[in-house]
Every structure is written in structure tokens, then in C-alpha cells.
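Chains Y and L, in that order, are what the protein sequence lines are.
Under full-length UniProt numbering, the residue at position 445 of the first sequence is numbered 445, and the numbers go up by one with no gaps.
Under full-length UniProt numbering, the residue at position 101 of the second sequence is numbered 101, and the numbers go up by one with no gaps.
Hints in this document: simulated from the structure, not taken from any laboratory.
Note that the structure is predicted; figures quoted are calculated from it, not measured.
There may be inaccurate statements among the hints.
For chains that are exact copies, the list does not tell them apart, and a pair is met inside one copy or across any two.
Stated by the list, open to error - Simulated crosslink set (EDC-like; lysine to aspartate or glutamate; CA at most 20 Å straight-line):
(1) 347 <-> 140
(2) 408 <-> 24
(3) 132 <-> 27
(4) 98 <-> 83
(5) 452 <-> 419
Number of protein chains: 2
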Amino acid sequence: MSKEITSRAADYSQWYNDIVIKADLAEHSAVRGCMVIKPNGYAIWEKMQAVLDKMFKDTGHSNAYFPLFIPKSFFSKEASHVEGFATECAVVTHYRLKNDGNGNIVVDETAKLEEELIVRPTSETIIWNTYKGWIQSYRDLPILINQWANVVRWEMRTRLFLRTAEFLWQEGHTAHATAQEAIEETERMLHIYADFAENWLAVPVIRGRKSPNERFAGALDTYCIEALMQDGKALQAGTSHFLGQNFAKAFDVKFTGKDGKLDYVWASSWGVSTRLMGALIMAHSDDSGLIIPPKLAPIQVVIVPIYKGEEDLAKITAYVNELTMRLKGFGVSVKYDDRDTQRPGFKFADYELKGVPVRIAIGGRDLENKTVEVARRDTKVKQTVPQEGLDIYIIKLLEDIQTSMFNKALAYRDEHITEANSYDEFKQLLDEKAGFISAHWDGTPETEQKIKEETKATIRCIPLDNKLEDGVCIYSGKASTQRVLFARAY
Amino acid sequence: MSKEITSRAADYSQWYNDIVIKADLAEHSAVRGCMVIKPNGYAIWEKMQAVLDKMFKDTGHSNAYFPLFIPKSFFSKEASHVEGFATECAVVTHYRLKNDGNGNIVVDETAKLEEELIVRPTSETIIWNTYKGWIQSYRDLPILINQWANVVRWEMRTRLFLRTAEFLWQEGHTAHATAQEAIEETERMLHIYADFAENWLAVPVIRGRKSPNERFAGALDTYCIEALMQDGKALQAGTSHFLGQNFAKAFDVKFTGKDGKLDYVWASSWGVSTRLMGALIMAHSDDSGLIIPPKLAPIQVVIVPIYKGEEDLAKITAYVNELTMRLKGFGVSVKYDDRDTQRPGFKFADYELKGVPVRIAIGGRDLENKTVEVARRDTKVKQTVPQEGLDIYIIKLLEDIQTSMFNKALAYRDEHITEANSYDEFKQLLDEKAGFISAHWDGTPETEQKIKEETKATIRCIPLDNKLEDGVCIYSGKASTQRVLFARAY
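Excised from the complex, chain Y in its bound form:
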């Protein structure tokens, strides 16, 4: 297979696919819309999971596991929820196959379920049905639970990591005695997602609220973090929902308060998914391949020996072993690639393609000079570095790469937030510059829908730190009190 990657300039979409496939991150499976996450991709996802899981636990959440299947009737209980998910769900109708006598395996029609089961697209309904049994009094609250799981949404157009029929995610589901507590939780988790995106993924995000059109089906308010990809399109990287008492009412979950009064329970839910892999790839990578932020890189440093004979290699290996031990002592993950079946040039290109943040090459002359060659993946800058103090140098370099990657993405993002004051300007910006367009909107779903139909741009969010500013809607000309961020999005 050719390792050549289509350039971003030539075809951004193909560039993305090339990286996913050629860096061995994922591939399409034989099942429509479902992907295989390959070891290279899964290792990054595991690092993400570990970091997020710790963040959740540090804020008092526990993990649990709820059923994959949801009875169809549960779905119908929250009207807007079912409307949001019913048209794209996998339905289990039978529980047995049989041999038809001619050697064909067919569905056994005698094994039809009385009630169809839906493969969960999200778990609010099955979880709130469960919480009903767990909550009687304010003493049982709050419930702060997270689940790592697979979910299925029957998307018609799929793209690896970005939009797949089955994907992996975490979904938090919390229950509270007051609206205020539930809102605080919703916001707390949004900030955790933003912290993760910025400080681990190295992807700057805008924290905001969705317009009513873009809200989660069943939520009173949806908060989101929005990132910008290198082609100027936005990507929603995580959402946190204030569900009010909608699901408590749908599943009749009440509690007795301190005052002895019965009330419905307040809820939040929040999730991020393997879509974050798409954000990581598209925010940072270049025409040579993937670039992984050091804090999420399964291998942070790869060491390649350049040698002529066995004796040469033995000397290099002795030094590398000692260096590796020191680096591992600092928690750095190191791979020494001394395979004799591949040449150094091949290895260099391969680790570049796969995004390993730092490559160290060491040859006979380096040993004599007590130096090594250090190449950083993000800028491709190579330097000859003394062996003395190399461990500290590498640790600082990893930190520097992490920071540089974030700053580069931030600069790009900030350059791509542009104000538009007329619909013509808006459309021109969308086509010529893309990115986020900050514009006045009259606050109606109708206007939002019209703009979407005409330009494919949606309101990504109303930023949390928005300033109030009098203006007129770019589309309707009606009065507006604040700008919102539009963009074309993944």
C-alpha cells in the first residue's frame, strides 16, 4: 500500500481519510457504517479514556453499566426524545436463527419479540427507568454516574470517527434535588470537556450554548464545546445537557425533599465520543501524516539506531537502554525500533506518518560526539543535541510540542472568527474564508433554518462569555441583542 497522503490543499476530505487509513487508526468494516478501530487508533482512544475517567472520578462520579437494549415503549415516553432518535435506530425483532433445512441460516419467525428492542442511541430512557428504583428521598441524591459504552445511530452518511453508525463514547447521567444543582453539574462537565480539549487534545474550544434548533432531543438547554478544523469547518467536540425534569416526568421519578414535599428529580447528561479522534486528527495533522499531542501519544519518543554492523548496534543499544530507563523514570513512553528488516529512512517516514511526537536517531558518529539527532514531529525541526542532560531536554521538548500545537491551533482559530454585518458579507466569508462567523441573529428557529438551508451554515453556539451588543439580524433585519457563532460543521 502506498504511504502517500493526499495533500490538504488538493482534497481535504481525502487527506483525512488517507491519514485514518494509512496511519492504521481505523477502517471501514463489512457492516455498513460501522468501523474497526485498529490498535494504533484504539491506543489513543484508551489514553483519552484514562484522562477523562480520572477527571470524572475526581469530581465525584462513579462508573456503572446499563443495558444495550431499550424497550421500544421507553422511547415513546419523552416526546421530543423519540422524535430525535426514532428515525435512525437499529431494531431487534427476533432472538433466534435457524437452519431452514436447505442449509440456509434464516431468522426463526417463531422467535419474535413481543416488544421490539432498540439498540441504544443514548441511554437517558433506560437509565431514568432504573433511577426510579433508586430514588425515594433527597438523601438518595445526587446520583453522579458515568457509563463507557457503545451506541448505535443509523447514520446514512458515515465517515470514520466523525460519524459512524456504531461509536464508542461515555455518557454521564446525573440526578439532583434542585434545578440549580443540575445546571451547575451541566456547566461543570462542560468545563471539564473544555479543559480536556485544550490541555490534552491541544485543541482550543469555544464554550457555549446551542440554539433551540440544535438542542439535544429532550434537553432544556444544551451546552457544547466547538472546535475549528484546518479547513475552517467547525466540529462539536462535546455536549452537556440540562434536562430539567423531562425524563423524571417521563419515567415518574419523584423524591421527598427535606421539606417533606414530593417533586420530580432534576437531571443532566453529558458525553464525548470517538469523534474526538476526528478532532485530534483534523486539528493538527499535516501532509506528511498524523501529529499526536504528546500528552495523548501512546508512544511519545521513538529511537532509531543507525548502524553499520553488530558491534555498532551493540554500543548504540547499550546507550539507548540507559536513556530509555531514565526517560521511563520520568513517565515518558519510549519505543526502541531496532528491527533489522527495515532501513532507517523507512522507519523515519513511518513514525512521521503515525505522528510520534519525538524521534531520536543515533549513529556511530553520534556516539563518538556524545550527541543524538532529535526531530520533533510538529515542526519537523531536527537538531543535534548533547547526550548530557538529554532526558531533561526531551521532557521539556514534549511540553513545548504540546504547547506549540495548542498555540498554533489557537492562532488559526482566532484568525478565523470573523464578524459579518450583512447576509452578503456572511455568505462571502463562508465561501472565501470559512471559520466561525460572528453575526447578529433574531433568535428565531425559522431564521436559523433558512440560513442553514441557503448556506449549510448552522449556529454552532452562543458563547458563554458573549457580550451583549445591539444589532440587527443579518437575515431578517430584526433587532438582536448579541452575536452568535455560525459555521459550516462536521
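With chain Y's structure known, arrange chain L on it following the hints.
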């Protein structure tokens, strides 16, 4: 809810259910056969996952993720495989619901799948279909991949953790250039499972091979670890399969060897599941509740203050904080329960029920005497222990509990391996003593089947360390060269 637990003597099965429910480990969901794993239960499963995952990675395996759904046609490709799983699988036939116009949510018959999808009961077929694209040459081998996933088998009789329609597990799927390598891998993973069972779960296991009747559907050889529960019934705690070239042939996966010749790839697969939770509970717990081996306990030490006033509590808390810091420094997980809403007696009973290995109680008099009260969960022995050196005392105590639990289970297990030399003796032992019965068997599936039908006992395994010994089959009287282990089993 009453925290009273049915005694093992009164009703072992109810005792088990009581512990699962009352220690908040899991509960039945609204979906037939599917369970909700509650935070207390899931926290133990997470510890198991972490330990196993490290063992897999230390032996060269990587994690990946394959689709939840398997096209029906894949199933049919390996004849014995489909026969083994077809009668108990969830079948997805549609991908959309709709509103029927009368407010009812119904399956949209226009959204019928061309080919039905099976919710994976195990992933050999989808994985080997994928491996076909990954393997061309011996250089692509071995492939050593593990997946953490949910699977579904439509069991008609379910029991929490032991047998559920959906369960969580890991499944390893490896591909090799030679039969020998695949067999070595199969055996390596069996020994890893045994190591985990004995040194972490504190459950002694017998390593053996299954008789042909009990083999995995599609395997040439199934290895297993068999544990004994306190009621004398056996529990299969893990299996590792040598699949030969069956799946490679079914999915046409060939490779070019070093000699340039084409051959089918050799395979192994191996798995353990949330069933291990059942083993943990049934092997160790008592009539007061759960007993968790310290190495898998989410909370290893709980500290309960016994105080009269705020001043008392402040002094105790100051000491506890300092003790906690020292214990955490040694990697011990500690919980300080200073809730003022519950009395110490309630807390003691609750942590006993939930199986926390060590409880420390500390009151005003303890502070004066520079002592604490330490209670170990397994033996319920309480001791007054000096504060000086308490951290080291606790660490040794946790190790001692882990060892004692294993030794106790081992002694019980070893007392319950009994030889039977006639069918009458066999049946009497089964009814009166239970446990493993070591008996001669003529090696035929027919005899095994007859014994199963008449006694409900199955051949649990042919131990790996079996001695050859001439004898006659207890059932048929035919010649036999070795004893095998029978038992009634979960």
C-alpha cells in the same frame, strides 16, 4: 430495604441473589435477561479489567475494537460455530421507527435491512473477516489483539453476573503462522487466567482441557480454568481456544510463508467475562455479605470515627488524615466515613455487607491510648492495635487476608475432589458431597451425554497435569486410561 441476607445453609441460591442485590453490585433491568451493573459492582469489574489488561499488554497484546453487528451470512461460514450460537442471538432486522399517525411508535417496515445483522455473541467471524485484509505474509504475523466489549447471548434462564443475555467481557483473537505458535498462545493465555484467578481473585482453579462435547463452537481444542463454589458446584472461570485453521478457512485467510508457500493462518481466541464477579462472590462471601479479596477491593480500608462531640471528631479526623496519607503513600485505597447521618453500628454492618477487607474504628479512648480497633472482614476478628506502625500493620494484614482467602478456598476445593470408582458411588457423591468427582470415562460423547442427562453432572475438564492410570469407565465399563473431573456446574 432489609439488609438481612438469607443464609447459605437455608438457600444458597437466594443467598447469592441477596448479596448481589443488597451489596448494590447489580440488579435486573427492565430488559429481559439484561442486568444493570451498579457502581459498587462496576468498581470491582474495573479493577479486574485493569489487572487483566496489564497482563495482556505485558505479553504483547494490543486492544482494538470491532463492530457490534455481524452480518448473518458471516455466521453461516463456519458450520459448527453457527450451530453453537444461532439459537440464542439477537437479530436486528430494521433501522428505523416511525409514528403511525395515532401517536404510536412502531417499526417502519420500509426500513428493513437487506441482510439481517446479529448482535455479536462472540466476534470470531467479524474479526477473521477483517484479518483477511491485514494478512498477506508471515511478516504480518502474529497478530495479537484483544477487545473489551459487550456481547449478547439470548439465554432463557438468567442469573445476575453468572448468565445474562448481555454481558461484558474481553475476547482475545490471535493469528499465527504455525499451529505450534497458536497452541502456545492458547496455553499462555490459560495460564494468565489461572494466575489472575489465583493471585487476584484468590480463587484456586484447575487448568484443563474440555471434552469434545464442551468445546467452543468452532475450536479444535478448548482449555479452561474451573473453580469450585461454596455449594460444591463448579464454575468455568475462563476459556482459551485453539481454533486451528477453521476460521481462516471459513474466511479464506491465507499467508505466504518464509518458504514462499501459501497456507491458512492458525488461530486462538480466549475470554473472561463479568461472570468472574459471580465467582468472586460465591467463592468467598459469608452469611453477613460480600467478602472482596484486598487486591481487587475498590476500597481496601474504611475508617469509622466514634465520637461524642465536634471536638472529639476534630481530634480523630486529624489523626485519620495523617494515617490516610501514609496508607495512600503505600497504594492502599482508604475511605474515611465521617457522615453524621448514620451511627457507627450502621456503618459497620454496611461495610461488612459490602465486603470492605479492613475496617478501622477509632474513638476518644483510642486516641488517649494511642490505639485503634482493626477488624478484618474475612474472619471477622477484631483487635486493638497500637497506632505506632499501624500503616505497616495494615499492609501486612491486607496481604494476609488475600493469602488466607486463597488458602481457605483451596482447602475447601481440595477437600472436594473425590474419586469415584463406580456409577453408584459417583451419584451418591454428587448428591451428598458434591464438588469435583474424579472418575474414569470411556472417552465417548455418548457416555458423557448419558451421565449428564441422568445426573446433571458434566465433565468440567481433563486436568493438564493428569496422571495416566488404567481403569474402567464408571458408566460403560469400557477401558479408560485416565480420570477426568466431573461436577454439577454453573
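Tested hints:
1. 347 <-> 140: Close across copies (16 Å), not inside one copy (57 Å); limit 20 Å.
2. 408 <-> 24: neither (25 Å within a copy, 48 Å between copies)
3. 132 <-> 27: Between copies only: 13 Å across, 40 Å inside.
4. 98 <-> 83: between (35 Å within a copy, 9 Å between copies)
5. 452 <-> 419: Answer is within; shortest intra-copy Cα gap is 18 Å, inter-copy 78 Å.
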